[in-house]
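Chemist: We have chain U already, so just place chain Y on it with the hints.
Heads up: the sequence lines are chains U and Y, in that order. Each residue of the first sequence is one higher than the one before, starting from 1 at the first, in the working numbering. Each residue of the second sequence is one higher than the one before, starting from 1 at the first, in the working numbering.
Simulated from the structure, these hints should not be mistaken for lab results. Computed from a predicted structure; not experimentally measured. Note that CB positions come from ideal geometry on N, CA and C, so glycine has one too. Please note: incorrect hints may appear among the correct ones.
[Stated by the list, open to error] If you want the footprint, here are the derived chain Y segments under chain U, 3+ residues with CB under 8 Å: (1) 34 to 48; (2) 87 to 96; (3) 100 to 109.
[Stated by the list, open to error] What follows is a list of derived Cβ distance ranges for each label pair: (4) Y:L127 to U:M36: 56 to 62 Å; (5) U:A25 to Y:H76: 45 to 51 Å; (6) Y:H106 to U:T9: 54 to 60 Å.
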Amino acid sequence: MPRMNHTHTSPQARAIAIAQPQPFAWYFIRLFAAGMAITAYNLVILYAS
Amino acid sequence: MPRDERTDSNAPSFRYALDPVCLVSIALYFCNRLLLKPHLPHHEWFFRGHFNDLLLVPAVLPLFLLTYRWLGLRSHAQMPSAREILAHLVMWSFFFEVAGPRWLHHGTADAWDAIAYGVGALIAWALWTKPNGWLVEKEAANFN
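In isolation and in its complexed conformation, chain U is listed as follows (with noise of 0.2 Å):
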C-alpha cells in the first residue's frame, strides 16, 4: 500500500482553495445582498402600496 502523504496539496487542491471566498468576506458578501433585498422589497412597498 503506498504511503499517504497527508501534507501534501495538490496545486489544483492549492487554486480552489485560493478561489474560495474566505468566511469573513463571505459573510459581508451575503450582508450586501441583505441590503440589496431590504433596498428592493421597501421600494416595492413604497410603490405597490
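Modeler: Just chain Y now, kept in the frame of chain U:
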C-alpha cells in the same frame, strides 16, 4: 442542518412565508385593499388610513426573515425575536415616513402611520411569542 441550529423541542418552528399570522395578514391586506376600501367613504380614517399599516410587520417581516435565512444570516427557525421586530420597525418607520416622502417624493409622512406599524408589531410579537410561552407553561404545569 446548520451548525448552530437550535433544537429546543418546546419551541414551535417558524414557517416564514407559510406562518399563519403572515398568511392571515396578507389575506386581510388584500381584502381591505380590493374589497373594503373602494366602498368606504373618503372621510373614513381607520380602514382607509391605518388598517394596512397595522399589517406591515406581521405580513412583511416573515418574508424579510426568509431572505436572511436563504442568505445564511439567520441560522435558526425560531419565532421572530423582539430585537428583530424592533429593528425592522425602526427601519420601516424611517424608510416609509421619512426617506420615502422626503427623498423619493412618494407617500406622506404621518406619525400615526408609524404608531400603527408599532401597534401591529406589538400584536404580531404577542401572537408569535405568547403561544409558545403558554404552551411551555402548560406543559410545565402538567409535568408537575
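Chemist: Range hint 56 to 62 Å: satisfied by the CB atoms of L127 of chain Y and M36 of chain U?
Modeler: Violated, since L127 of chain Y and M36 of chain U (Cβ atoms, about 30 Å apart) do not stay within the stated range.
Chemist: Establish whether the coverage given for the stretch 34 to 48 of chain Y by chain U is satisfied; the threshold is a Cβ-Cβ distance below 8 Å, and no fewer than three residues must meet it.
Modeler: violated (count 0)
Chemist: Tell me whether the statement that chain U covers the stretch 87 to 96 of chain Y is true, taking a Cβ distance below 8 Å and needing three residues at minimum.
Modeler: holds (count 4)
Chemist: In this structure, is the beta-carbon distance linking H106 of chain Y and T9 of chain U contained in 54 to 60 Å?
Modeler: holds (55 Å)
Chemist: Would you say the C-beta atoms of A25 of chain U and H76 of chain Y sit inside 45 to 51 Å of each other?
Modeler: violated (24 Å)
Chemist: Can you confirm whether chain U covers the stretch 100 to 109 of chain Y, using C-beta to C-beta distances below 8 Å and requiring at least three such residues?
Modeler: Check passed, 4 qualifying residues.
When the structure is compared with the earlier hints, violations turn up for hints 1, 4, 5 and for no others.
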